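Asker: Produce the complete structure using the sequences and hints provided.
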Amino acid sequence: MADPLDKVTLTVDGIVVQVGPGATVAAAALIAGLQTRVSVSGEPRAPLCGMGICFECRVTIDGAPHQRSCQILCAPGMQVSTARELP
Amino acid sequence: MIHDFDIVVVGAGPAGLAAAVTAADCGLRVGVVDDNPAPGGQIWRSGAHLPAAARRWKARFAAAHVVRLQGWRIVDCPEPGVARAQRNDAEIGRDSSAADGTSLRYRHLLLATGARERFLPFPGWTLPNVMGAGGLDAMVRGGLPIAGKRVVVAGTGPLLLAVAAHLAARGAEIPAICDQASLARMAPLVLQVLRQPGKLWQGASYRWTTRASRYLTRCWPVSAEGDSRLRSVTLQRDGKRWSVACDYLACGFHLVPNTELASLLGCRLEHGFVATDQLMQTSVPNIWCAGEPTGIGGVELSLLEGQIAGLAVAGRTSDAHRLARGRRGALSFARALHRACRLNPQLRDLASHNTIVCRCEDVELGALLGRAGWRDARLHTRCGMGPCQGRICGAAAEFLFGWRADSVRPPVFPALVSSFLEPEADPMTPREAV
Amino acid sequence: MTRVWDVVVVGAGIVGAACARECAARGLRTALIDAAGIGGGATAAGMGHIVAMDDSPAQLALTRWSQQLWRELSSQLPPEAEFECRGTLWVAADEEEMLEVRRKQEVYASAGVATEILDARALAEAEPQLRKGLAGALLVPSDAVLYPPAAAAFLIRDAIGMGAQMLPPRRVAAAALGKVRLEDGSELQAIRIVNACGAGAVSLLPDLPIRRRRGHLVITDRYPGFIRHQLVELGYLKSAHSIATDSVAFNVQPRQTGQLLIGSSREFGAEDTTINHALLGAMVRRAESYLPGIGRLQAIRAWTGFRAATPDKLPLIGPWPGDESLCLATGHEGLGITTSLATGKLVAAEITGETPGIPAEPYFPARFLDEGRVAQAQTLYREAAHG
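Residue numbers (the numbering used here), protein chains in the order written: chain A, 1 to 87; chain B, 1001 to 1434; chain G, 2001 to 2387.
Since the hints were made in silico from the structure, they are not lab data.
All clues given are correct.
With a straight-line Cα cutoff of 20 Å, these simulated SDA-like cross-link-like pairs (lysine to any residue) come out:
(1) A:Lys7 x A:Gln18
(2) B:Lys1149 x A:Ala32
(3) B:Lys1199 x B:Ala1169
(4) B:Lys1149 x A:Gly33
(5) A:Lys7 x B:Ala1048
(6) B:Lys1058 x A:Gly22
(7) G:Lys2313 x G:Thr2245
Bear in mind the structure is a predicted one, so any value in this text is a computation, not a measurement.
Answerer: Set out below in structure tokens:
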């Protein structure tokens, strides 16, 4: 069982975020005060369903786009970008 | 790499856990594929205090002799007896020795794919921090801080009270819990709950935890307001409207079953649910279904059905039948639940012409009016053509227009293009996560 | 008094839509009917590639003319038609294929289609995602891509604007000798009937030398800039050629949304739309051999559709011997989107007696019938008229 004091440090859009173990990348993005994606017509979007079905939580993780961040646990050193250039 | 199993269980919520444990206890070779970072499905998602039954079943699962593909999803079934699975974080590639995809050979397949929330469009519903009720609950369990935040909980169904109680216990301020149902409509469900001490206690405990919140029936959100994120929600009740400032709106209109994989496999559906016999076998031999996809009925029914299916697959038919007889009580609860959660037709009028219905492709309601059906809408407006594959907008379109989604095509979930390659192409050994 | 249409077009895919539009533009009283709404069939299923194809002089003439027509129309197309002049890159894997590239350039030049040869380095610059070691490519800048159902919808709206009528959806049970009988028993009378039913044309005319040739496609999530042109391997024509075996060929299209459409496959004998996983896997493997990164993209959907294939890879456009009322506009195989506009013009010219923009004879259905068959067909139709 993970030590509850074990924090995980990652960056989201260059912002350093510290989360507890078992935290999702989606939570990290929201903690950093960011939305997760921009819709095809330019609206800001953030997670809706929390269970990996709505695809609103998509971010780029370590260079890989379209990752459903609500289903992915934070790992130390992850580089996340809520890249606004991608639709 | 190809794995061989007596039974592959898809989904590790209550039904899947019960089926996997039961089948493993009967000595079958069991594989479990679950989309989430950890077992438990939605209702038993870790990150919060779990009821005793959840802890017991999770412990039994952890101790059971099963192969776990945790954080994997089934994307296709290229031939009878073979399921193609893919890892969620396949592209992040931190562990390059692990395969992205694998084929699972099964003699039996058990679909315990659960349910998802139904979302209805209304002005402002696409604002950041408007989430499902289960959606916000899942996010909080996944580390989203909620203490001191104002949350309006709305929609319909018993999930609302449970979510509100959990959030309140974590320090959220909940000005209102709004169910679109009337007390009269809820009455049969309430009667059922009164007859079951366990449920009654739980309900009372939830209401005690949320005693600072107004609980309003016949009430629903008509709009969400904000700039780059949610600032307030306008609620309506009996024609009166008022705004509530808030940080989050947790809004879901009950549940719809995840039947896509069942449809892909050719299982017959009835009224949108997977049709099964007494022992949970579908219309396709060797494909079984347990839990919410057969009818939204909650945890008890899911646990029962998972065990029935597990026993039936293992050939323990008389034991399975014995358990099946015990479904009656749980089934009448499910029926009462279904009636209580029927949606008020006024909810069809919430969206205006420029309210987005399909969030993946930003298709507005105005573009959908006058379309002949789901297929026509998809072809000519791109509604449902995005990565959610119509899971969000499809349920809304069914309520708004009566459209039923037609055939399901692979992949049943977005998958890497490479997942269509023949399995011999995988040179790597799949990593099994516990 | 029963209304007699000048033209009834059966089939509201992109070919039928183009035919109805051209007929309406000439003041003909035109009706368009389809059992399943508009823009279905291969129009809904296929890649919207507008391509000059040089399998034969007649094919080149038809595709080149039609491509020009699309360019002329492009400024009127609505945004949802997603028309883009992307150009096609015919990719050469080795020096032998580069010889073919040069040959192709000459053939295109003779038909007035401008092309450019890219060497290995220029190709790598133009399309960085292509694998290393390819020899080069032929660029056809005038080729384009679009979203066919929206284009078909536009053509139909335009036709309606010029007086055509889109009839309520009903299945056509028979269409011959000036009468279109619907499955509800009612009848339309027409001076000319256009059969634009694509892969379904045989249900109305069992004698047609058309076979259903199924294809697979995969569409990905949005990856803008992954590729810029439509990319096709030179072996594509070999795949389209072979009529005996199932085949795959590298053919990938960038959509305006940034999604990629991955094709192509061909098979005969498939009866329904169930995916042939073995063939789909081969198709993806072929695509991966040219675009190594494509396997890592997310696929949202895979599906199949039916092309209407003829023995000589040319469509059937023109009069059907034995029935003066009947005009065919079908059998377009994989070129229906491209040649729809030209088909419309050829059909309208045939109906009004104008001289068409290109010689119409190579596409005449009569090319498949000998005199005896023609007489037989005439008898059958007379009998049907009295039946």
